[in-house]
Structure formats: C-alpha cells, structure tokens
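Given the structure of chain V, go ahead and fit chain H onto it with the hints provided.
Chains as they are written, first to last, in this note's numbering: chain V, 3 to 422; chain H, 3 to 422.
Mixed in with the good hints, there may be bad ones.
[Unchecked claim] Which chain V residues stay away from chain H? Per the calculated CB distances, all over 10 Å, these:
| id | residue |
| --- | --- |
| 1 | ALA22 |
| 2 | SER62 |
| 3 | ASP64 |
| 4 | VAL253 |
| 5 | ASN262 |
| 6 | PRO275 |
| 7 | ASN289 |
| 8 | ASN291 |
| 9 | LYS335 |
| 10 | SER354 |
[Claimed, not checked] Ranges between beta-carbon positions, derived for each pair:
| id | chain 1 | residue 1 | chain 2 | residue 2 | range |
| --- | --- | --- | --- | --- | --- |
| 11 | H | GLU195 | V | GLN112 | 47 to 57 Å |
| 12 | H | GLU58 | V | GLY91 | 11 to 21 Å |
| 13 | H | PRO65 | V | GLN112 | 30 to 40 Å |
| 14 | H | ALA23 | V | GLY315 | 30 to 40 Å |
| 15 | H | LYS93 | V | LYS280 | 50 to 60 Å |
| 16 | V | GLY315 | H | GLU58 | 36 to 46 Å |
| 17 | H | ASN291 | V | LYS33 | 41 to 51 Å |
| 18 | H | ASN225 | V | ASN289 | 50 to 60 Å |
| 19 | H | GLU322 | V | GLY91 | 48 to 58 Å |
| 20 | H | SER57 | V | LYS251 | 54 to 64 Å |
| 21 | V | GLU143 | H | ASN34 | 49 to 59 Å |
| 22 | V | GLN244 | H | GLU58 | 37 to 47 Å |
| 23 | V | LYS33 | H | ASN109 | 43 to 53 Å |
| 24 | H | ASP248 | V | ASN116 | 57 to 67 Å |
Read the hints as simulated data drawn from the structure, not as lab findings. From the three backbone atoms N, C-alpha and C, an ideal C-beta is built for every residue, glycine too.
Number of protein chains: 2
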Amino acid sequence: MALIVQKYGGTSVGNAERIAAVATKVIARQKNGDRLVVVLSARAGETDRLLGLSSEICRSPDPRELDVLLATGEQTSIALFCMAVKDMGFKAVSMTGYQAGITTDANFGQARINCIQTQSIIDRLQDGNIVVVAGFQGNDEEGNITTLGRGGSDTTAVALAAALGADVCEIYTDVEGVFTTDPNICSKARKLEKISYEEMLEMASMGAKVLHIRSVEFGMKYNVPIMVLSSFTDAPGTLVTQEDKDMEKVVVSGITYNKNEGRVTITNVPDQPGIAAKVFRPISEANINVDLIVQGGSASPGRADISFTVAKGSYEKTLEILNQVARELGDCKVSGDPGIAKISIIGLGMRSHSGVATKMFDTLSKENINIKMIATSEIKVSCIIDEKYTELAVRVLHDAFELDKNFETQGTVRVQEEKE
Amino acid sequence: MALIVQKYGGTSVGNAERIAAVATKVIARQKNGDRLVVVLSARAGETDRLLGLSSEICRSPDPRELDVLLATGEQTSIALFCMAVKDMGFKAVSMTGYQAGITTDANFGQARINCIQTQSIIDRLQDGNIVVVAGFQGNDEEGNITTLGRGGSDTTAVALAAALGADVCEIYTDVEGVFTTDPNICSKARKLEKISYEEMLEMASMGAKVLHIRSVEFGMKYNVPIMVLSSFTDAPGTLVTQEDKDMEKVVVSGITYNKNEGRVTITNVPDQPGIAAKVFRPISEANINVDLIVQGGSASPGRADISFTVAKGSYEKTLEILNQVARELGDCKVSGDPGIAKISIIGLGMRSHSGVATKMFDTLSKENINIKMIATSEIKVSCIIDEKYTELAVRVLHDAFELDKNFETQGTVRVQEEKE
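With the rest of the complex left out, here is chain V (with noise of 0.2 Å):
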C-alpha cells in the first residue's frame, strides 16, 4: 500500500468533465490499494478572472489581500473536485492550505514553505479519504493567508510528499514528461525515462518549463522521486530521482535553448577593481536579472569590456542605464544585441567526460553558427548565439550527442508548462 502525492494543473481541472476524468483517475488509484493525497491548481482562467478583478480595484494592490485573493482559486478547485469524487461514491475531503497546516514565511506572493503538520492529513488519510489540498497556498506564522508564487502547486506537492514521507510526487501536467529537447524543433527528440534532480534544475531554469525549479529543490533536498507525466493520456512520464550511475555514463541529457535574452556590453571600461559593482549595482537596483555575465580585456591596455544578458522586456531600460553609467565612466561606449539566443547543453556525465564543450563549439562552427557568448558550470555548457539560428543549433547538437539514441524512442509531445 503506497502512499501517493498527485499534483493536477488548472488545464487538468479546467471544466466539469476534466475534472471528472481525473476523479475518476484518482479512484482507479485508491481502489488499486494506494493511500492518495491529491495537490489542485486554480483552474485554468481562473487566475486570470481573479487577477482582472482585482485590477479593476486599484493597480498596484496589496500583496497581503491579493493572496486573500487568489487563495479562493485553488480553493474552488478543490471544492469542485471532492464534490465529483464523492458524487462517485467515495470518500474525500478537501483541505486548504491552512487546514493541510503549511505553514510559510510571511512574504505574500512569493511565499516559502517553512513546515508542515502532517497530522490532519494523516487522519483522514487513515479514515480512507482521498485527501484533497489546495495547492500553491499556505498560512503564516500569524494566520495570514500566503500564496508561494510561480509553480506553487508543483511546490506543495512535493513538500508535502516530502513531509508524509510519500513513496512518489505525480507531477500531472499536459506534456507526457521531459524531453531531451523541445519536440517542436527537434523531431528527435525523445522522452527521457529518468533524469536527476541536478539535471532537471538546469534543465528548469534554462527553459524546459515542465516542471517549477523550486519544486525540483525541494524533491532533490529530501530525496522525494517525483514522476513528470500527462494527464491526458497512460503513457509513462519521467521520473527526476537522485543520479545513480546509469545517469552517469550519458553525456548530455537535454538541450534547452532560450530566446528571451537580450544581449548588452559595455566596452573600454577602465579595468580596475569595483568597477563591476559600478557597472551591475545600477542595474540590480532597477530590479533586472542579469544572467550571463562576460568580462574580458579590450582593445586597449588596462581596460576592459563586459558584456552580459538579461531578459528582453529589460534590454531598452538596460540600454538606458549602461548609457549613463558609461557617460559617468567616461570613454566608454555600449552597444546591444537584442536578436540572440541562449542554447545549453545538460548532463551529469560532463563531469567525468572531457571535451564535451569543445564538442559543442566544433558542431555549432561547422554550420557556421557564430558564439558570441560562453558560460559553463559543472554540468552544463551555454552558448549565445544569433536568434536565428536556434533551431538549426538545437537539431545539429541533438544529432552530434546522440540524445535520439540513448534509450527507447518515445512519441514526442509538445514541452510547455501547464497554467496555474
């Protein structure tokens, strides 16, 4: 007898009849013998419709009352879906994030999870309930209500498999689980059978939005295997478990690429030390991420060029500010990109394997593709490169480390994140 945490998007619970096929779901599974706790998202719009009214109140609305706010969309779902279960036949009980006892931090709307008392959904998984949880929410220390920010249902439902001590997270999305690559461009890319938590990280923060990164921190932070797989059909997902050594011997896992980037530098600066604090401290102060960042020596002596990325809705105010940054430093001058991609290649082996990025610079040179950019880190090599040539790179660099070939070839299935 298994204990299970499932967790459903806003598309899984989006109308009367998906829901009802996922009540139906969820029973087969409690009357297979498994204990099951089920993690719900607002249903699909259902943010949207909240958000719209709270807009037509004031722009700028307080982050206490707008999780108030959004909290009833999670917690209409769960309504909803226990009301379908037990017009079925069986038990089921909802919970909020305040009666699930996730407890947070007190930083509305992007709130962090700080414990949970398991006790309640203990007892009415022992009284043979479906136990139903209003995802992406929780309470203070002082009784607020809190929402956890982007990905919020993946995260509750991790931490509370984590907390039950769950044999798995079923992570139900509308992708049928992580691919080597976007299926869109790449007709060969495949579903993977198993991937590791570091993997998946880079793999979510480079763009491959299947699953949130917090969520994936949080599985990797307590060992919960979490399982990535659709909703929609039966087939096998993906399961993002700690690496073992099968992981070990595959290079390259995935390839990500992201298109959201604009490209900045800043050329003959005086190359002395704080001067990238000078340069950055403008910029973090206006609130822009900055994510690959490039400094190396310039055309002249004792200066310095530094180039860097940040997202596109950035790049125009990034411009601004490196202008007068470079009108304070003198002499400088600072030119943009904004038609650049990023293309990552993911995979635990690059540790024990040399020449993996060497590799990825040959492949990408031989079709003529410019890098403008590097970045690494352990397992993964970033390159930037024109726009342009983001799906040519994405195919050639999937065919050069044989990501088609590493296991059996799966269907390919659109990679995009489901709805909150």
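Coordinates of chain H only, in the frame set by chain V:
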C-alpha cells in the same frame, strides 16, 4: 470613540465602483474617530455563479464541500474591499470566518455560531486597522469551513457586535429601514424610527425581509442595538432595540402580508385523541412546514374539521398526502384553496390594549373581506383572506390603526431583501 460593526450586502459591494463608494464611507467614519469592523457578503451574483459551477459537477453536492466552495465568495469580497481601502491610503486587514475566530457547529450549509474568539480582531483594531470580516462563514471545532445559510452575513455582523461589545451594529442594505408596511402597495407606509426586537422578529418572519430573523434573535439575546439603513443614501435608518415605554404606547407597529401560502382542509375526521398527530405526521415526514392550524367542530357530532396553511410550493403535495390520510380514516373529505393571503398586524401595545383583534376583524368586514382563518400571539394577529383582497386589506388596516400618524412622515422606499 465608538466601536461600530457594519454589514454591507452583495449589492453594496457588487462592483469596483460600489466597493470604492463603501470604502470611502467607511474611511470617513474611521476619520471621525470610530473603530470599525466591516462584515461583507459575497458580491451580488457571485453565490449564484458558484452554485452554477457546483451544479455542473453534480446534482446534490456534498454539503461540506459546498461550504468550502461558497465561502470563497465572501473571501473575494473582503480581499477586494481591503485593496480599495489600502489603495486610498488607510489601514485595513481582511479576515475569513476562521481568522476572525468564528466557531460554529458542524451543520454545513446552515451552521450556528457557537462562540467567537475576538482577540485577533481586537489586536488588529488596536493597530489602527479597519477590520474586514467575511460574513456568512465560520469554522467548526474540527477546523472545517462552514456557512451559516440564508441571512448569514447579518448574523455574523450582529454576533460580532455582541462578542465585541460594539456600540451598534449597522446593517446597510438597499432600503432605508423598516417600514410600517410595504410601500409598494400602501403609499402611506412610513419608515419607523425604532422598533423592538420582538416586533422585528414578527415582521421578519411574516415577510418584511429587511433583516434576517436569526440576526434579530441574536441581537435580542445579547441586546445589540441594530440599525438598518441604506448604503445608497445618507437617510437615517430604523433602530431595532429593546422595547421602551414609547413603544408600548403604539398598539400596532406594522402590517405584513404573505401571498405565498395555500390553505387545505380535511373535514369530518373522528374527534378523538391522536387524530391531529395522524393528520400531521405524514406531512412533516414529507418535510412540509405547516404554518397556521385551526381545528374546530364539524357539522356531524363526534367529528372535527382541521384546516391549515402550507407554502404554495408544497400545496399540491400536501393535498395528495391528505387524500391518502382521508382514505385511511374513511368518511373524510379533503378540500383546498391556493388563492389565499395572510395579513398580520404586529405591535407590542397589543399586550396592554384590548380590542385590537376586534378592530382588525371589523375593518376587514366593512370592506366585505371574509376571514377564513385566524391566529393570534401576544403581539400579533393574523387573518387568512382571499388573495385578491391583499392590497385592499393592507391599506384599510394601515388607515384604521393610523400607522401613518405615529411619528413624523418619511419618504417611501421599496422594502426588499438584498441578495446575500
């Protein structure tokens, strides 16, 4: 510095504009030096929307889960309202039924308040907040969300006022107060300055649905002054309070009517002990509420006739059951009349004034209105008449008891319950 509990109904917070108007009103009151607890209903139409969602799932939703669903309606209201207040630069904090410390029994859908732990409200008032509480909801002792049923937000407000020892509980609605009778059918109807709890209870249960009967009971039990007034005008309202000497002088305070009943009669039943039980047991087993009952001698010796009234919706079913009873008893006849109305006169003064009932019968008789049944209580006389005479009866009784003359005359406004 007074402590005021205010309740606003669904129409009063129905859209962003109305929310802003109410927020402005509340803030002005706080600036005036008062401490404010505001109780809100779900926005107009919201409860119907939620019931619609539930009816898509199943016909008879589980009562516990229906409460979880419906409670989101008020939660949405309090969040939006607090956003509005804070956006205007004032301190406000929303509290769900649970957060406000409202504990009820576990009777889902029509829970009764057992106790209110007021400390967290008091703390937040002391911090200078306008405290905004979700009406209509609480938690039972096991932490389940409950709702109070029809009129629940009025009950929340009066109960909070009682628990907090508030100076007054103001119920804002879309009418200006309590009227001597329905201004729609009697142009001389007059708004009352004040009325006793006892009279208000009779008025409420007789169909003048300004205040829900449960909230009046609560107010009477804990002696909470309740002010009924309009959220759309600044006109003074009606104070519902303990009886005083002035009130005793008023023989009749109000006249109500109810067209929603039908009368049934079973004649020639054996006049023996237990016969009433034999007639009424199957009626109550069918969950039909009986209002007036008159039992009298029949034309035949040793036989009796029993007449009673039921809601129009139960009329056909009641006839069916009575016919079955008649067959079992033998020799009885069943007849009925769905076209009746109940006219009631209500007033504390009846206790000390004789001849009030006689004056009512005389007045109706002068208009050739036949009285089919009569029922009396200490402060009320009700007559069943032909439905077609309803408006005429109300007007002649209003004149006969000089209801337009007791206090100064006010403008007339339609008397109608605001939607929860």
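Hints and how they fare:
Listed as a non-interface residue, ALA22 of chain V fails to keep its Cβ farther than 10 Å from every Cβ of chain H; the least gap is roughly 8 Å. Under the 10 Å C-beta cut-off, the non-interface status given to SER62 of chain V relative to chain H is violated; the minimum distance is some 8 Å. At roughly 4 Å, the least C-beta separation between ASP64 of chain V and chain H is not larger than 10 Å, which violates its mark as non-interface. The Cβ of VAL253 of chain V sits about 50 Å from the closest Cβ of chain H, beyond the 10 Å cut-off, so the non-interface label holds.
No beta-carbon of chain H is positioned within 10 Å of the beta-carbon of ASN262 of chain V; the least distance is around 31 Å. With 10 Å as the threshold on Cβ separation, the claim that PRO275 of chain V sits away from chain H holds: the shortest Cβ distance comes to roughly 45 Å. Taking the minimum C-beta to C-beta distance to chain H, about 22 Å, the non-interface status of ASN289 of chain V holds against the 10 Å cut. Every CB of chain H lies more than 10 Å from the CB of ASN291 of chain V, the least distance being 28 Å, so the non-interface label holds.
For LYS335 of chain V, the condition that its CB be more than 10 Å from all CB atoms of chain H holds, with the nearest at approximately 44 Å. Every beta carbon of chain H lies more than 10 Å from that of SER354 of chain V, the smallest distance being close to 52 Å; the non-interface claim holds. At roughly 53 Å, the beta-carbon separation of GLU195 of chain H and GLN112 of chain V lies within the given 47 to 57 Å, and the hint holds. With their beta carbons about 19 Å apart, GLU58 of chain H and GLY91 of chain V fall inside the hinted range of 11 to 21 Å.
Between PRO65 of chain H and GLN112 of chain V the beta carbon distance is about 35 Å. The supplied range of 30 to 40 Å therefore holds. Look at ALA23 of chain H against GLY315 of chain V: about 37 Å separates their beta carbons, and that is inside 30 to 40 Å. Take LYS93 of chain H and LYS280 of chain V: their Cβ atoms lie about 40 Å apart, and the range 50 to 60 Å is violated. Between GLY315 of chain V and GLU58 of chain H the beta carbon distance is about 38 Å. The supplied range of 36 to 46 Å therefore holds.
Separated by about 43 Å at the C-beta atoms, ASN291 of chain H and LYS33 of chain V satisfy the suggested range of 41 to 51 Å. Take ASN225 of chain H and ASN289 of chain V: their Cβ atoms lie about 55 Å apart, and the range 50 to 60 Å holds. Checking the proposed 48 to 58 Å range against GLU322 of chain H and GLY91 of chain V shows it is violated: the Cβ atoms sit about 32 Å from each other. A hinted range of 54 to 64 Å for the beta carbons of SER57 of chain H and LYS251 of chain V is consistent with their spacing of about 56 Å.
Separated by about 35 Å at the C-beta atoms, GLU143 of chain V and ASN34 of chain H break the suggested range of 49 to 59 Å. Look at GLN244 of chain V against GLU58 of chain H: about 43 Å separates their beta carbons, and that is inside 37 to 47 Å. Distance hint check: the CB atoms of LYS33 of chain V and ASN109 of chain H are about 32 Å apart, inconsistent with the given range 43 to 53 Å. A beta carbon spacing of about 59 Å between ASP248 of chain H and ASN116 of chain V agrees with the range 57 to 67 Å that was offered as a hint.
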